Amino acid sequence: MNQVHVTICTGTACYVMGGADLLGAVDILLEKYGGRVVCEGSTCLGYCKLGKQHKAPFVKVNDRLLAQATVESLEKAVEEALGAAAGDGQADADRSGAGKGEGVPGPACGEADNG
Amino acid sequence: MARENNLVRLKRRLISELTSLSFEGRLLDDIDALPYEITSGDWETIQCCIHHDRAHLRLRLLSLLGFPAEGLSDAERPLKAYAREVLEGRKPDDFPLSIMTEACNGCVKSRYVVTDACQGCVARPCKVNCPKGAVSMVGEKAHIDPELCVNCGLCERSCAFHAIIKVPVPCEEVCPVGAIQKREDGTAVIDESKCILCGRCMTACPFGAPVEKSDVVRVLGALGEGRHVVALVAPAAMVQFPFPAGKFVAALQRFGFAEVVEVAAAADRVAEHDAGELVEALKEGRTTLATSCCPSWVRASEGLGQKDVLSSAPSPMILAGIEAKQADPEAFTVFIGPCLAKRWEARRSVEIEGGGTIQPIDAVLTSEEMGAMLMAASIQVSEEQAEDLARHGNASAFGRGFAVSEGVAKAVVHALASKAGDGRALPSFSTKVVSGITKETVPALAKLKEHEGNLLVEVMACEGGCVNGPCVLTAGKTASALLERYKAAKPA
Chain A
1 MNQVHVTICT GTACYVMGGA DLLGAVDILL EKYGGRVVCE GSTCLGYCKL GKQHKAPFVK
61 VNDRLLAQAT VESLEKAVEE ALGAAAGDGQ ADADRSGAGK GEGVPGPACG EADNG
Chain B
1 MARENNLVRL KRRLISELTS LSFEGRLLDD IDALPYEITS GDWETIQCCI HHDRAHLRLR
61 LLSLLGFPAE GLSDAERPLK AYAREVLEGR KPDDFPLSIM TEACNGCVKS RYVVTDACQG
121 CVARPCKVNC PKGAVSMVGE KAHIDPELCV NCGLCERSCA FHAIIKVPVP CEEVCPVGAI
181 QKREDGTAVI DESKCILCGR CMTACPFGAP VEKSDVVRVL GALGEGRHVV ALVAPAAMVQ
241 FPFPAGKFVA ALQRFGFAEV VEVAAAADRV AEHDAGELVE ALKEGRTTLA TSCCPSWVRA
301 SEGLGQKDVL SSAPSPMILA GIEAKQADPE AFTVFIGPCL AKRWEARRSV EIEGGGTIQP
361 IDAVLTSEEM GAMLMAASIQ VSEEQAEDLA RHGNASAFGR GFAVSEGVAK AVVHALASKA
421 GDGRALPSFS TKVVSGITKE TVPALAKLKE HEGNLLVEVM ACEGGCVNGP CVLTAGKTAS
481 ALLERYKAAK PA
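Protein sequence lines correspond, in order, to chains A and B. With our numbering, the residue at position 108 of the first sequence is 108, and numbering never jumps. With our numbering, the residue at position 319 of the second sequence is 319, and numbering never jumps.
Heads up, a few of these hints could be off.
Derived list of chain B stretches under chain A, where covered just means 3 residues or more per stretch with a C-beta under 8 Å from a C-beta of chain A [unchecked claim]:
id : segment
1  : 6 to 18
2  : 381 to 392
Not the full set, but computed from the structure, chain A residues with beta-carbon under 8 Å of chain B [stated by the list, open to error]:
id : residue
3  : 5
4  : 16
5  : 24
6  : 43
7  : 44
With a cut-off of at most 16 Å between alpha-carbon atoms, the simulated EDC-like pairs for lysine to aspartate or glutamate come out as follows [stated by the list, open to error]:
id : chain 1 : residue 1 : chain 2 : residue 2
8  : B       : 477       : A       : 27
9  : B       : 247       : B       : 383
10 : B       : 182       : B       : 172
11 : A       : 52        : B       : 42
12 : B       : 194       : B       : 302
13 : B       : 194       : B       : 172
14 : B       : 449       : B       : 284
15 : B       : 80        : B       : 29
16 : A       : 52        : B       : 302
None of these hints come from the bench; they were simulated from the model. All values reported here derive from a predicted model rather than from experimental measurement. From the three backbone atoms N, C-alpha and C, an ideal C-beta is built for every residue, glycine too.
Please model the entire structure based on the sequences and the hints provided.
Spelled out as structure tokens, the structure:
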């Protein structure tokens with residue numbers, strides 16, 4: 001079974017700019033999707049160091065980077081990732097309406113999508 | 001409470017930007033450019049135009065500098081001039097809240113409106129039941145005349161289609177003491193004599209009109225001058241990051257505080273004081289004793305005629321400040337907590353034993369402000385080497401428990417029990433915990449003195465205690481869980 005990995009940055013910038021509320025979303029995700037979603041907190045992922053502190057909080061859903069993540073945009077991204085995992089691997093083709101998540105270039109994943 | 005929204009983000013960003021400017025020595029030179037810098041690039045216009053947004057940002061910066069943001073009268077005066085005044089030692093205002101009239105929506109007085117769901121029915125219970133004749137039919141739909149409506153709500157309750165809704169005025173709705181007044185144009189004014197500084201209006205207003213007069217720049221100034229700056233950290237502020245409190249202490253040291261002290265240690269002594277006073281009070285025939293650590297409650301007690309039931313103990317903040325100043329009279333003491341009212345309490349000087357008065361607290365930072373300042377300094381709380389709390393106050397679990405409802409009462413009862421160990425007979429009394437000063441709890445608070453029998457009352461203005469304060473970073477529920485870990489923290 002394909003699992004979706006959610007990594008929530010708990011670096012200071014992310015935590016202060018809304019990450020504190022995202023931790024509350026973890027319960028919602030686990031309740032909704034059970035073992036299909038694996039959530040973990042992470043020390044600073046480094047995205048804020050690119051002069052993009054105000055784009056925090058950052059969350060990664062598999063390899064996709066969400067900026068200014070909200071509980072809503074995170075849930076949506078997880079749903080999309082689950083749909084993609086269940087589908088035929090063409091997930092990347094359909095990324096329209098990625099919630100409020102806004103893309104910024106990240107150090108790890110090249111280009112992120114635009115919400 | 002979790003308050004994820006654009007206003008919260010904007011405020012934290014502004015605090016962070018101010019901190020960065022100060023660290024880089026560019027505060028005076030570049031503060032006036034901030035509203036322009038922030039609105040450049042991909043800024044999404046909020047008001048009618050970008051110029052309006054910038055005017056608002058300027059006013060928000062003004063309040064972060066500690067000034068009231070009421071009018072636009074001094075629109076020509078650069079922020080630099082205000083900032084210089086602060087850095088040169090301007091005495092901060094006593095009342096720490098103001099309404100940014102420019103941002104106030106002037107929410108409508110009439111709170112009941114007819115929506116499009118109105119079917120223009122035959123029965124017309126809204127019209128029939130209105131005691132003031134305020135409902136008439138305009139075209140095929142009901143209409144409420146705001147001049148005649150007295151907000152009784154009968155129309156709303158009688159409509160079978162739920163077509164009539166109550167549009168609340170958020171600040172008025174949450175104010176427990178009726179301190180919000182309205183001008184002719186609907187904009188809000190705070191009656192400072194009634195306001196208890198609970199901060200509810202501040203978190204409720206979706207326009208961000210009620211704003212705090214911050215001490216951020218005063219603290220940055222003291223740090224920049226190389227003063228001996230001491231951080232006095234409330235127990236609720238110790239649990240705003242999801243990491244051990246010792247790491248937060250280390251982060252504050254890295255930020256520049258020369259010393260970091262657990263206010264919970266002073267809370268232990270306050271509980272002792274309260275316990276002693278309870279014994280004395282009951283002996284003297286005073287049957288009710290109320291805790292005095294919550295400054296909003298202290299303010300409220302006056303208006304409710306209950307001031308004489310308050311314990312005479314200083315609050316843990318004041319006591320910690322006195323101790324810090326006695327250790328070093330030149331210290332610049334900064335209280336860090338999730339509270340708005342503490343800033344008012346901190347403005348008062350106190351008499352000390354042996355004569356004379358001192359100013360125990362020089363400035364107050366909220367947990368939100370401190371978080372944004374750490375963000376500006378790129379300090380990762382998670383990566384700090386945890387400090388041994390035994391060296392920063394060594395507070396007991398009871399003192400640390402002051403941050404949550406029931407915590408203070410438990411600490412006082414515990415302190416009493418240890419007094420019983422001295423062979424003294426304990427008075428019998430009951431305890432009452434008031435968790436949150438709201439419209440609902442105010443009537444009972446006004447009658448505390450009338451209670452029959454001996455009573456210890458703990459009152460906290462915020463539901464659940466300080467962990468649910470108006471200036472937190474973390475939801476109260478999460479912080480309460482983190483507090484358990486802080487309470488159990490043993491010396492490293």
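Do the hints match the structure? See the list:
Counting residues of the segment 6 to 18 of chain B whose C-beta lies closer than 8 Å to any C-beta of chain A gives 5; at least three are required, and the coverage claim holds. Here the segment 381 to 392 of chain B counts 3 residues with a CB under 8 Å from a CB of chain A, which clears the bar of 3, and the coverage holds. For residue 5 of chain A, the interface hint is violated, since its Cβ never comes within 8 Å of a Cβ in chain B; the closest pair sits about 19 Å apart. For residue 16 of chain A, the shortest C-beta to C-beta distance to chain B is roughly 4 Å, which falls under 8 Å, so the interface hint holds.
Because the closest C-beta pair between residue 24 of chain A and chain B is about 6 Å apart, less than 8 Å, the hint holds. For the restraint placing residue 43 of chain A at the interface with chain B, the shortest Cβ-Cβ distance is roughly 5 Å, inside the 8 Å limit, so the hint holds. A hinted interface residue such as residue 44 of chain A counts as satisfied when its beta carbon comes closer than 8 Å to some beta carbon of chain B; here the least separation is about 5 Å, so the hint holds. For a cut-off of 16 Å, the pair hint linking residue 477 of chain B to residue 27 of chain A stands: about 13 Å separates their Cα positions.
A threshold of 16 Å between alpha carbons decides the hint, and for residue 247 of chain B with residue 383 of chain B the separation of about 8 Å falls inside it, so the pair holds. Taking the CA atoms of residue 182 of chain B and residue 172 of chain B, the gap is near 9 Å; set against the 16 Å cutoff, the hint holds. Annotation: proposed proximity of residue 52 of chain A to residue 42 of chain B holds, straight-line Cα distance about 12 Å (limit 16 Å). Taking the CA atoms of residue 194 of chain B and residue 302 of chain B, the gap is about 9 Å. The hint holds against a cut of 16 Å.
For the proposed pair residue 194 of chain B and residue 172 of chain B, the alpha carbon gap of about 13 Å is at most 16 Å, so the pair holds. At most 16 Å may separate the alpha-carbon atoms for a hinted pair to count; residue 449 of chain B and residue 284 of chain B meet this at roughly 15 Å. A threshold of 16 Å between alpha carbons decides the hint, and for residue 80 of chain B with residue 29 of chain B the separation of about 7 Å falls inside it, so the pair holds. For the hint linking residue 52 of chain A to residue 302 of chain B, the alpha-carbon distance of about 47 Å lies beyond 16 Å, and the restraint is violated.
Taken one by one, the earlier hints fail for this structure at numbers 3 and 16, listed in ascending order.
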